[in-house]
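Position chain B against the provided structure of chain A, taking the given hints into account.
If you want the building blocks of each chain, they are given just below.
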Amino acid sequence: MTTLEKTTDEILQLAADHFKVPREQLSPSDDFFKKLGINSLQALDLLTRLEQHFRIELPDYELQGVSDFRTLAERIQSRL
Amino acid sequence: MKTFRGKTLSWQVADGTIELSLDRAPCNEIGTETLAELENFVTALDSLQREAHALIISSARKEGFCAGADLRELYHRSQALPPTERLAGVRDFLERIHRVMNALDAAPLVTIAAVHGVTFGGGFELALVCDLIIADKMARFCFPELRLGLIPGFGGIPRLKRDLGNAVVRDLLLTGRSINATKAQSVGLVSQVAAEGDALRVARATAAQIGKFDRDTTIAAKIFIKPLAHDELRREIDVFCKLFTRPAVEAGLRKFVESTDALPYLP
Numbered sequence: 001m002t003t004l005e006k007t008t009d010e011i012l013q014l015a016a017d018h019f020k021v022p023r024e025q026l027s028p029s030d031d032f033f034k035k036l037g038i039n040s041l042q043a044l045d046l047l048t049r050l051e052q053h054f055r056i057e058l059p060d061y062e063l064q065g066v067s068d069f070r071t072l073a074e075r076i077q078s079r080l
Numbered sequence: 001m002k003t004f005r006g007k008t009l010s011w012q013v014a015d016g017t018i019e020l021s022l023d024r025a026p027c028n029e030i031g032t033e034t035l036a037e038l039e040n041f042v043t044a045l046d047s048l049q050r051e052a053h054a055l056i057i058s059s060a061r062k063e064g065f066c067a068g069a070d071l072r073e074l075y076h077r078s079q080a081l082p083p084t085e086r087l088a089g090v091r092d093f094l095e096r097i098h099r100v101m102n103a104l105d106a107a108p109l110v111t112i113a114a115v116h117g118v119t120f121g122g123g124f125e126l127a128l129v130c131d132l133i134i135a136d137k138m139a140r141f142c143f144p145e146l147r148l149g150l151i152p153g154f155g156g157i158p159r160l161k162r163d164l165g166n167a168v169v170r171d172l173l174l175t176g177r178s179i180n181a182t183k184a185q186s187v188g189l190v191s192q193v194a195a196e197g198d199a200l201r202v203a204r205a206t207a208a209q210i211g212k213f214d215r216d217t218t219i220a221a222k223i224f225i226k227p228l229a230h231d232e233l234r235r236e237i238d239v240f241c242k243l244f245t246r247p248a249v250e251a252g253l254r255k256f257v258e259s260t261d262a263l264p265y266l267p
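One line per chain: the protein sequences are A and B, in this order.
If you read the first sequence in this note's numbering, its first letter stands for residue 1, the second for the next number, and so on.
If you read the second sequence in this note's numbering, its first letter stands for residue 1, the second for the next number, and so on.
Don't read these hints as lab results, they were simulated from the structure.
In this text the structure is predicted, and so the values were computed from the model without any measurement.
One or more of the hints may lead you astray.
Per label pair, the in silico range of CB-to-CB distance [stated by the list, open to error]:
#	chain 1	residue 1	chain 2	residue 2	range
1	B	V187	A	Q64	22 to 28 Å
2	A	G65	B	L228	23 to 29 Å
3	B	G188	A	R75	25 to 31 Å
4	A	S29	B	V187	34 to 40 Å
The beta-carbon is built from N, C-alpha and C at its ideal position, and this holds for glycine as well.
In isolation and in its complexed conformation, chain A is listed as follows (with noise of 0.2 Å):
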């Protein structure tokens, strides 16, 4: 596995711990507002949990259009 899918691999098991989705129902492509069906309130929290589980932090005007869970961790894994 490489890195940038070792990442994108723990953001969708956090995802889905997070907000009680099954994780086999969330793949790399999916748009996290959609799948997960939360606003923007509970993307910023989601934003909180992805700084404090890998350590980094990320400005949220970094985040920006984005949408699905490949490029988030395209984004993270510029931080690391």
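Below, chain B without anything else, positioned relative to chain A:
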């Protein structure tokens, strides 16, 4: 009055601590109703503080501590006024909220903000008047005002500059980004980070510790170490009002008001 339950907030006194709890949907946006009840609280504080050594400000809303000024109300009230009177209405609101913030800032007891979730704009500024900020690990802090073509108007810049370095202020203000509780603690903004849902408990424990010290000494220390930046606070109102009259601000507020997102102030 030792207890009060209003439309937007409530307070009570127990074990020498005043607890002020914000509770207005969706996320304690500060409009004229909240402002009026905060003014009532500041008036009541004169007598409440005689039987208390600490004040904790927290939120009963799960969404967060406070999302800042009620921009929808600000926009609609402004639009209802003739253009020549809009600025006077905004200035009056700012003068009143500054009096509240300054009174809380200099209150003769130790003040603690127990924050969680969204702590944005005017909500961040309310936390900044407190002597200590205790943050739930899921709290986020942000000054999003520049997105609307404005600066923070409730005293946030002078207070953040008083507490932290100017570079941190510029980072938050000029990028409009939000930071989490861990980052906020690392720059010296937050005194303690609590587990999820635990900020109020930690604040109560801290208030109990503060109550062990001689009150007069505590207040003397506070007055010595926490001066109000009166000149900068005055200038902030003037800069805000100068910016407010520009068409870009009206357009930004209209866009915000017309947004269908439940919480459109978020990134």
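Tested hints:
The given range of 22 to 28 Å is respected by V187/B and Q64/A, whose C-beta atoms sit roughly 24 Å from each other. With their beta carbons about 42 Å apart, G65/A and L228/B fall outside the hinted range of 23 to 29 Å. Under the hint 25 to 31 Å, the C-beta atoms of G188/B and R75/A, about 27 Å apart, fit the expected range. Against the hinted window of 34 to 40 Å, the Cβ-Cβ separation of S29/A and V187/B comes to about 37 Å, which satisfies the hint.
Hint compliance for this structure: hint 2 alone is broken.
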